[in-house]
Each structure stands twice: as structure tokens, then as C-alpha cells.
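Here our numbering = 1-based position in the sequence shown + 1.
To be clear, the hints were calculated from the coordinates, so they are not data collected in a lab.
Hints are supplied without guarantee of correctness; some may be wrong.
Lysine to aspartate or glutamate pairs mimicking DMTMM-like chemistry, simulated, CA-CA at most 25 Å apart [unchecked claim]: (1) K73 / D23; (2) K184 / D23; (3) K188 / D23; (4) K97 / D23; (5) K185 / D23.
Label-pair restraints from in silico Cβ distances [claimed, not checked]: (6) P163 / K25: 34 to 44 Å; (7) P163 / L113: 36 to 46 Å; (8) L150 / N121: 16 to 26 Å; (9) Q152 / K184: 21 to 31 Å; (10) L51 / A178: 27 to 37 Å; (11) G98 / K25: 26 to 36 Å.
This structure is a prediction, so every number in the text was calculated from the model and none was measured.
Ideal Cβ placement from N, Cα and C applies to all residues, glycine included.
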Amino acid sequence: MSEQNTNQKARTVTSVDHGTLDLKALTLYAILLAAGFVLNMTVSKFFSGLTGGILSPEFIIAAFCLEILILKPNIGQAAIIGLLAGVVIQITASVKGPDLIAEPVAAVVMALLVKAVGNNGAKGALPLVGTFVVTCISGLIYAVIFACLVQRNPALIGVMAPVVAATGVCNAVIVAALFIPVKKALKLND
Numbered sequence: 002m003s004e005q006n007t008n009q010k011a012r013t014v015t016s017v018d019h020g021t022l023d024l025k026a027l028t029l030y031a032i033l034l035a036a037g038f039v040l041n042m043t044v045s046k047f048f049s050g051l052t053g054g055i056l057s058p059e060f061i062i063a064a065f066c067l068e069i070l071i072l073k074p075n076i077g078q079a080a081i082i083g084l085l086a087g088v089v090i091q092i093t094a095s096v097k098g099p100d101l102i103a104e105p106v107a108a109v110v111m112a113l114l115v116k117a118v119g120n121n122g123a124k125g126a127l128p129l130v131g132t133f134v135v136t137c138i139s140g141l142i143y144a145v146i147f148a149c150l151v152q153r154n155p156a157l158i159g160v161m162a163p164v165v166a167a168t169g170v171c172n173a174v175i176v177a178a179l180f181i182p183v184k185k186a187l188k189l190n191d
């Protein structure tokens, strides 16, 4: 009987779970969200003033895009990430409310894009293209709510669209530039 026990080895299963928001993931998000907030208050305001409001990176959206790209949360978790971003944006928002709708929707879209792309050839372009698309979705939701419900002037959507697109480009470049260095710093591999 003891011979039988010595031949048995403990079995271990190793897996990478990209669907949980553990302490490491929450810490990363808190750091990214705080950095996004500070950068919105400083760098984004500077660029907005310098360009007459045409170019204004939205670092909080960039932060949640980066978080979702790196940690690959499930859809519900992505919605919570977006909602938290929307709440933080409310601190400095001139118009309260639209971000509470726009950011959760945008975060869910990013999570769906990450899930859809998976490990295929488009994966390398996802930080750039996905962030641009998600920022534009967020910005257009904001624009529709602001123009139609707050200002009651749908023509404002056309005025806001170029700013949304420029913000999308800025965010896409930021996330694409940070994606690999942040993954390496966290020692994450796909």
C-alpha cells in the first residue's frame, strides 16, 4: 500500500484567468484611473485650450481601454469599469450625466472587441483601432445626449463630431504606445 502512495504525484493545473478582477487588476485600474484623472485636469485641458477645443485627449477613456485590453474582463466587469470611469469623469464634467451612459457602453464594446478578436491576426491593431472606435462611440453617445437632451439642438452633433474623432485619434495613439510597455511591466503574456 505504501508503494502505491509513493508512485502517485500531486497534480496541478495552471491556467491564466483573464475573466476575474483580482486585487492586482483592481490596483492597476485604480492607478490608471487616477493617472487619467490627473492627465485630464492638466494635459488634456492644455491641449484643449491650445487647439480651441478641437484636440482634447480623454485620458480616462484611454485608461479603461488599456485596462480592458490587458486584463480582458467579462462583459459585466467591463460595464462596471466603464461606470467607474463615468463617475470619475463627473468630478470635472461641465455637463453631468452623459458619461454615466457613454462610458459603460463604450467599455462593453471594448470588451466585445477584445473577445471577438481573440488571438487572430488583427490582435496587433486592436489597441489602436479598438481604442479609436470605442472613444468615438463614447463621444458620439455623449454628443447625442448633450445636443438632443441638454441643448435641444441636434445640429450640435455635427459640430462635435470632428472633436470626437480627434479625441479618438489621440486616445488610440496613447493606448497603442502604452499597451506593450504596460503588459511587459506587469509581466503578462497572451
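Hint check:
1. Taken as a hint, the K73 and D23 pair is honoured in the structure, with Cα atoms around 12 Å apart against an allowance of 25 Å.
2. At most 25 Å may separate the alpha-carbon atoms for a hinted pair to count; K184 and D23 meet this at roughly 16 Å.
3. A hinted pair counts as satisfied when its Cα atoms are at most 25 Å apart, and K188 with D23 qualifies at roughly 16 Å.
4. At roughly 30 Å between alpha-carbon atoms, K97 and D23 are farther apart than 25 Å, so this suggested pair is violated.
5. As the CA atoms of K185 and D23 are separated by approximately 19 Å, the hinted pair is consistent with the 25 Å bound.
6. Remark: the range hint 34 to 44 Å for P163 to K25 is upheld by a beta-carbon distance near 39 Å.
7. Between P163 and L113 the beta carbon distance is about 26 Å. The supplied range of 36 to 46 Å is therefore violated.
8. For the pair L150 and N121, the supplied restraint of 16 to 26 Å is violated, since their beta-carbon distance comes to about 39 Å.
9. As the Cβ distance of Q152 to K184 is approximately 41 Å, the hint placing it in 21 to 31 Å is violated.
10. For L51 and A178, the Cβ-Cβ distance of about 20 Å falls outside the hinted range of 27 to 37 Å, so the restraint is violated.
11. Between G98 and K25 the Cβ separation comes to about 32 Å, which falls inside the hinted range of 26 to 36 Å.
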